[in-house]
Structures are given as structure tokens and as C-alpha cells.
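K.L.:
Each chain is listed here by its residues.
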Amino acid sequence: MSKPSDLIQGTLDLLILKTIALEPMHGWAIAKRIQQVSNEVLQITQGALYPALHRLEQQGWVRGAWRESETGREAKFYSLTKAGKAQLEKELEQWHRLSNAVVLVISAARGQEV
Amino acid sequence: MSSWRWWELLRLRLRSLGQRGRVETELKKELSYHLERQTEENMAAGMNEREAREAARRVFGGVSQVEEECRDMRGTQYLENFVQDLRFAARTLEKNLSFTVVIVLTLALSIGANSAIFSVIDGVLLKPLPYPKADRLVRIFYRSDNYPKFPLNPWDFLDFRARNRSFESMAIYTHADLQLSGAGGDPVKLSVFRISSGYFRVLGVQPARGREFDFEEERPNSGDVVILSDRLWRNQFAAAADILGRKVMLDSQPFTVVGVMPPGVDHPGNTYNAVAYGDTVDAWTTFTFEGDSNRRGSHYVEGIGRLKPGVSAEQAAADFNSIMAQLATVHSNDRGWTIYMNPLYREVVGPVQKLLVVLLGAVGLVLLIACVNAANLLLARATARQAEIAVRAALGAGPGRLIRQMLAESLLISLMGGAVGLLIAFGGVRVLVGLLPPGFPRANSIHVNGTMFAVTAAVAIGTGLIFGLVPAVQAARTDPQKGLHGAGRGSGGNRRQTRLRAALVAGEVGLACLLLVGAGAMLRSFVNLLRLDPGFRPEHVLTAEIALPEANYKTTESISSFYQSLLDKVRALPGAHAAGAGTDLPWTGYDDNMGGFVFEGRRKPGPDNESHARYHVASPDYFKAVGIPLLSGRYFDARDVKRSQRVLIINDAMAKTYWPGEDPVGRRLSFDDNPKESDWFTVVGIVGDVKDTPGSSAAEPAFWWPLAQEPFGFGGMKVVLRAESDPVLLTDGLRLAVREIDPSLAVAHIRVMDRVLDEQYSTPRFALFLVGLFAALALVLATIGIYGVISYSVSQRMPEFGMRVALGATGWNLMVMVIREGVLLTGVGVAIGLVCAVLFSRVLDNLLYNASARDPLTLVGVALVAMITASLASLPSARRATNSDPMTSLRAE
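Just so you know, the sequences run in chain order A and B.
Heads up: the first sequence runs through residues 1 to 114, numbered per my numbering.
Heads up: the second sequence runs through residues 1 to 893, numbered per my numbering.
You may find that some hints are simply not true.
Mimicking DSSO-like on lysine-lysine, the simulated pairs with C-alpha atoms at most 27 Å apart in a straight line are [said to hold, decoys possible]:
{"id": "1", "chain 1": "A", "residue 1": "32", "chain 2": "A", "residue 2": "82"}
{"id": "2", "chain 1": "B", "residue 1": "127", "chain 2": "A", "residue 2": "18"}
{"id": "3", "chain 1": "B", "residue 1": "569", "chain 2": "B", "residue 2": "247"}
{"id": "4", "chain 1": "B", "residue 1": "718", "chain 2": "B", "residue 2": "691"}
{"id": "5", "chain 1": "B", "residue 1": "569", "chain 2": "B", "residue 2": "354"}
{"id": "6", "chain 1": "B", "residue 1": "28", "chain 2": "B", "residue 2": "95"}
{"id": "7", "chain 1": "B", "residue 1": "624", "chain 2": "B", "residue 2": "676"}
{"id": "8", "chain 1": "B", "residue 1": "29", "chain 2": "A", "residue 2": "18"}
{"id": "9", "chain 1": "B", "residue 1": "656", "chain 2": "B", "residue 2": "569"}
{"id": "10", "chain 1": "A", "residue 1": "32", "chain 2": "B", "residue 2": "624"}
{"id": "11", "chain 1": "A", "residue 1": "32", "chain 2": "B", "residue 2": "28"}
{"id": "12", "chain 1": "B", "residue 1": "642", "chain 2": "B", "residue 2": "718"}
It should be emphasised that the hints constitute simulated quantities derived from the structure, not laboratory data.
None of the values given here were measured: they were computed from a predicted structure.
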């Protein structure tokens, strides 16, 4: 199975949307960027990226377009659509709420232990 | 979500489906680009090419799995699965060809019949009338206690038009055929309407050339003008461009052509001397009239108006009633009347609306029965396929997947049925239009069109879902373990399914009974109509119409002498028995009415005592030729000439209405309020009643003037010839006789009286034929259903029957058992059907003549037919039961 087991379910979408929010990118570059920016902490199974990209495309949040890449060959570049930008905002907000909540729970649990 | 995004999503899905190849190539290209980049990076890090490629694949994961997951993301897999299901369904159906053919054909018949009837309804009822803003057109009538719809008096119309606040425009029109001569060729009789100036403005149609009549032309002696129909202009005047201003000879009088109408100006229909709705009028001339504006007893013009926006027919009627009340204070003839306004749409289609809705209901029931049958056959097959379904369920097909697969099968069947049904509908619409009774409103607007396609498709899909759902849900409930177990034993049927199938068949028998009761009631009604004494003798009678041009036949004497010599000539024809002429033929529609009689020796009638009767003119032998019996007194004869005593013949209804309990013969009446001695008419004879149409509840009062004394100079007469045998043989003799007297005359509408009668029966016959056909179809479908269930039940019970034989049961016992099962099943259905029939019987009431769907004889008859059919349908299975072999049964157990 190529499911990103080390990533919390659903966060892959967020990572992709955030990554291409800056500029249109092709799949390989997205994978590299996520790895680099996270200081190699987030090791996504590269293959798993594509079903996620295609799902986001079918939902109309990203748009794929073929053009020449930095190596001179054609690659499919993904960019955010208007709907995708709104979706990114929503997911970011959710993520913040969730991570804050998790932090709260964890710190509270630690306090009890002591 | 914005609509733009929906559009975008739809585009993406369509792309995934429609450009599947390209989407796939792009997917491959995308993934291989990734792998190449990763390989290059690995090589840059110092690996050799092979190592680099392998490492790249490792971090990527399984390529084909990723591809498959990407495909799943396209959101079109439901559809792709559906296509797969359809393919599988097609293979299954192909394997059960006879089964498939039976269901598809029964569905095709019912879907086709539905679509054909729908087309008729679409053309007649659903399409708006072909006038702009047709919903504002209203027909205007008088109404009294005795007459629900009565024509207008023209003087009243002038007052209405002057005082009206409800109509944008209003007009009157009346039928007055004219004879066209000198246009090259023989004289032709034209269907002509005399109209007031606003007529075409009311309808909302402008002449294609020239103009409509103006107000001035309504005045008498303002010069004769005519507007031609497009058809007449093309056929008789070769579409001459210089037609306007030309003089044409109508009834030997010059008329100036002032306009030509565009093609397809539909006549809105009229009630009196009825001309059918549609493109049935050849020309229009001006309606002019003269006389004393205080004498308003004659009612003979039809009113129509275009309502102002926002004014309802009821409001307009209230407005007119207040005008009527004012008029009644001045004119005694106007007392006792109220105004009735009927929207034109209702006036035109009202008489057939109910019939069409009943037909749609009947054909809908047939479709429902066909659905039940299809569901039942699918259920039976699902039972036979239980093992297969169980295997699929055991292998992980969820209930949703199983339902979808079964529905794919039923949809495939219903779509095939729909396709064949469409062909049937194409032919059916043509047959239906051919069968339509003459004068059926808007028959000209019935066409096969896109709506019919759409409706057929929708009906087909709907039926597929309806009859597929029950078996599909049943299949989804299959317990894999039980199914596999049972299948192994070869007796997979379970009780629940058997009961369900029996219930379905009982239901379909009930529906069929409903239709049979309807057909039975219509049959009885039709027989009643045929048995009805028409009041005249239509056999061996030839009729024809002659219109004498006013220019050449100005006086009653000249008219009377023309007909006298014509009738003398034709009576002398070999094979002729009697010859007469009259203004009207029985059963051909309403006639004009005369009112405000004064009876000698009685007080003048008060304002509330209105007197009215249909008026006609007849030659001495008219009654003999038509076959209307003399009840008392005498027929007209040679004594009744211009200067002799003025006489009348009245019908029985008039005698009973105005001389109740007295003998009217010898009594006198007058149409003048203050009669002089010469204004009195003496009743010399009473003849039998003839109703307006066979369906009318009673005959209306009527009287006849003798031809030689009639006051109006009617030149248009119907010639009636009674023959010894075949009346058609007199046709040439009649034409020749007319030509010998006046070669400029046209003889029109030659037909035998039987045909006039036939037209009167055509509507109930049309209804009877179709409902009968649908009922027969329903019975056949129900028979198939009963046969199917009993046959299946017998095959299930063969071991049981074997045991019974072993225990001493005879073949006869077994047959009785099986047939009893069939009859019981049917009995339940019949009971349901008859109860429903009685509950819904009112639906048919207006369509029946002296018959009812609650008639016990019909109900018992239907029950018998259903029971006998059930026994016959069970017979083959019963005979099979007698073949059961005790040894096989014993071994199997």
C-alpha cells in the first residue's frame, strides 16, 4: 500500500495546496519541496502524491497544465484555482484548531502524570 | 459552490469519460517524468543508471497501483461499472432469448401505446391554441334555464360592443356558405363565415395581403367585400399577386377582394351548423344585418372576444350581465337570459378532454400491468439464478452492487422495449389520427415530435426502474449461505418470493379487471346508442347541399319553384321513392332559434316566460324522405302555397312544451308581439322528435315552415332522396337534374344518411375501440402473468405431486388442485379490481350513454371472463402436474 502512513490522514492535501500556493509546480518538485522544507522529516511515499493530486484536480481545487519544465521536457504543472485558495484557507484554519487542541490535550496529560 | 465550479467539475468528468485515451496517456507521461527526474537525481548522487532507476521505483511505490488509484480519483467509476453491468446484463439476456423477447415485446406494446396516446394529448390538450395570447380568447354565449349555451342576437352584440369594459376587442361570426363561380372550372361551394369587423383582431392574426374589414363595411349595402384564405387564393386564383381589388363572383354577386389571410388560420369552431375547428374556412365576408332594433328574439350569431389583460372570463361575464340587465329593461326579448363566457381553449377541447384523459389512464394501466409482468418474470428468473447471485454475494458483491447489477438488466430490457415502442408509437399515432372521429378538435395539430421522444425515453427508464426494483431488492437480500445451500438441492424457491409473486399477479389481474369493466360499460353504452330509435329512418337515403345565389333567386317564389321542379325531376328517377328539401338534416348539429311567440287566445307571455324553438324550412315530402313520422294532423302539401293560410308543422317536444295536455293541431301562434291577422301561423301537423345528437338528453322544441311560405328567402337547402335500394345510384341523376335546371349551381356534400349517422357514433366507437383494445391487451398480459406463476408453482411442487400420486391421488385430483390455485389467485385479483371499478366508476359517467361502470351485469361478466381466463391459463401447468412420477419424487427425498 502506498498510503502515507507517516502522515496524518488528510494532511497531504493541505501540504500539497500550501506548497503550490506559491507557484505552479509539477509532481516531482512538490515531493522534493515538502521533503526539503520539512527538513526531511516528512518523508512522503512519492507515488501517493499522484492520487491525491488527481483527486484535488477532480474537485476543482488545483488545475494541471502541461508545459516545459526546467529540464526542457514537458511536465504537468499544478496550480491553485480560486476554489483551491479558499479550500487552503479552510484546511489551514482546521489544522490550526486541531493542532492547538492536540497540544492542549498533550500538555494537560503531561501535567497529570507529574 | 459557484455554478462556474459545477461547470468545471462536469467538464473534468466528461473529459475523463470522453477522452479516456488521452487522459490515460497523460497519466503515464506524468508518472514517467517523475521517475526520470528521480533517476537523474540518483545518478547525480553517484549511482549507475540501473541502480538509479531501481532506487527511483522503490521510493515511488507500485506504478500500476498508483495508476489505478489515480483512475479511481476521476469519480467516473460508477458509470464505468454501469457499462460493465450492462454488458453482463446483455449476455444474460441473450442466453434467455425467449424470456427477453416476451418481456421486451409486451413492454414495447404498452410503451408504444402510451407514447401514441400521449402524442394525441400533446397536440390536442397541451399545445396552446395557435393564436397569440390564446388564453385571453373567450367565447360568449347566452344562457337560460333551458339553454346552457345559446347564440347571440346581433342587436345585442352592438350594445355589448359599445358598452363593454372587459374586452380589448370582440366580434361575432356566423356560417354562411357561398358559391364561387367564374374562377375557371365548375362552380364550387365554399365554406364561408360572415364576420364582424373586429374578428381577426380578436384572433390576433393579420392578413398576409390587404386588410381586415373595417367598421364602415359592417353597414348594410356598403358594398360586398371578401377576404380569402391562403388555400382558396392558391387553389382557385393561382396565388395571383394582383388579387387585391379584384372582383370575384360569389353566389353570382361581385365581391371585392380586400385581403388574403396567411396559411393556417384556424377557425375557432362554432356550435351552430357546426364547422370543425381548424383550417376549415375558405373565405370571410362581412356580417351585415337590418331590421327593427327592438325585435331581438332571433339568436343566430356566435360571439368571441379577446379579454383585456388581467380580466378573467368570470369578471367579463359579470360585466356583461350588468349590461344585459340594462338591456332587459328596454327589450322584452332580452329578459330571462344571462351571459356565459367560456374560454376558447375549453370550448374547443372541452368535449374531448375527459375522453383523452380516460384513454391515457387506460393505457397507463396497461403499462403498469406490463411492468408487473416484467417484474414477475425477473423475480422468477432471480429465483432460478439464486445460486449465481449467492456466489457473487459470497465473493464480496455488496447489496448496492447487486441492486445496481439487477437494475442494469431491467433498464436494458425497458430501453429495448422503449426503442421498439417508439417504432410502434410512430405507426400508432398515424393509426390513431386515422381513427379519430370526424371533426375531432385540433386533429391537425397532432404530430410526432421531440416531446414524444423525450416522453418515451422517460417512460422507458421509469418503467425499468419500477419493475426492476422489486427483484433487485429481493436479490440483494439473498443470504449467500442459504442460497448456495438451496441451490445445491435444486429447490431454491423461498416462500417470501412465491408470496410476493402471487401478490403481484393478483394485483395485475385487479388492474386488468378495472379495464375490462370500463370496456364492458362502454360496450353496453354503445349498444344502447345503436339500439336507440333515432326518430328518423336513415337507410337508403341520399343527401346533398345546394345553395341558391341570392342574386338570381331573390324571392321565396323563385326559390320554391326551383326546388319544386328539382324535386319533381328527381322523384321521377328510377329507384327514387321520395324526394324532399329542407334547411337542416337531423343529427348534424344545432340549428337557429326563434323566440318570443304569442299564442292565440292566451295572455301575452310575461318576461320570465321565454318561448323558443328551433326553426326549419321543409318541402312537402321532406319528412317522408327523411323518415320522420307524422304523429297527428298532416304533412305539408300542395295546399300550402304563398297566398294560402300560413301554416307550421311542429315536433312533439314543441307540442308538449307549449300545449301541454292539449291538441295543438289547428291552434295559431305568431312571432309578432302585436299580430295582425296575416301574422298568425296555424299548426297543421305534429311530427316525431329527433334529438340534436344521439347523446342529447332530449329533443328540443322545433317547427317547420313550408318551403313556399318561409319568410327569410333561404336559398341553401339540403336535398333528401329516399331510394328503393342503394341511394348512391341516384347521385348522377341528382347532378344531372340540377344542371338541367341551372348549370351555374354546385351540388355539394353528397353523402348517404347512414354516413351522417355513422359520424355521430364515431366518438363513442373510437373510445370503445381503444378502451376495448387496451382491456384485451391487459387481459393477455394478466394471462401471461397467471400462467407464469402457476407454471412455476407446479414445477416447485412436482415432488409433492409425486408423493400424492404415490398416496393414491388421481390425475384429475391434481389438475383440480392446480386450477383451483390459479382461480383462487385470480379471485383475489378480481375482487380487488371490481371494488376499485365501483369506486372509480364516476370517472366514466359523462362518457356513457344509459350505462354505468357500476352495472352488475358488467361486473359479473368481467368476473366470469377473468375466472375462465385464469382456468385456461392454469390448464397447461395442470396437465403437466399429472405427469409427476412418484418414483422420481421418492428417490429425490
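K.L.:
Against the structure shown, which of the earlier numbered hints fail to hold, in ascending order?
P.N.:
2, 3, 5, 6, 7, 9, 10
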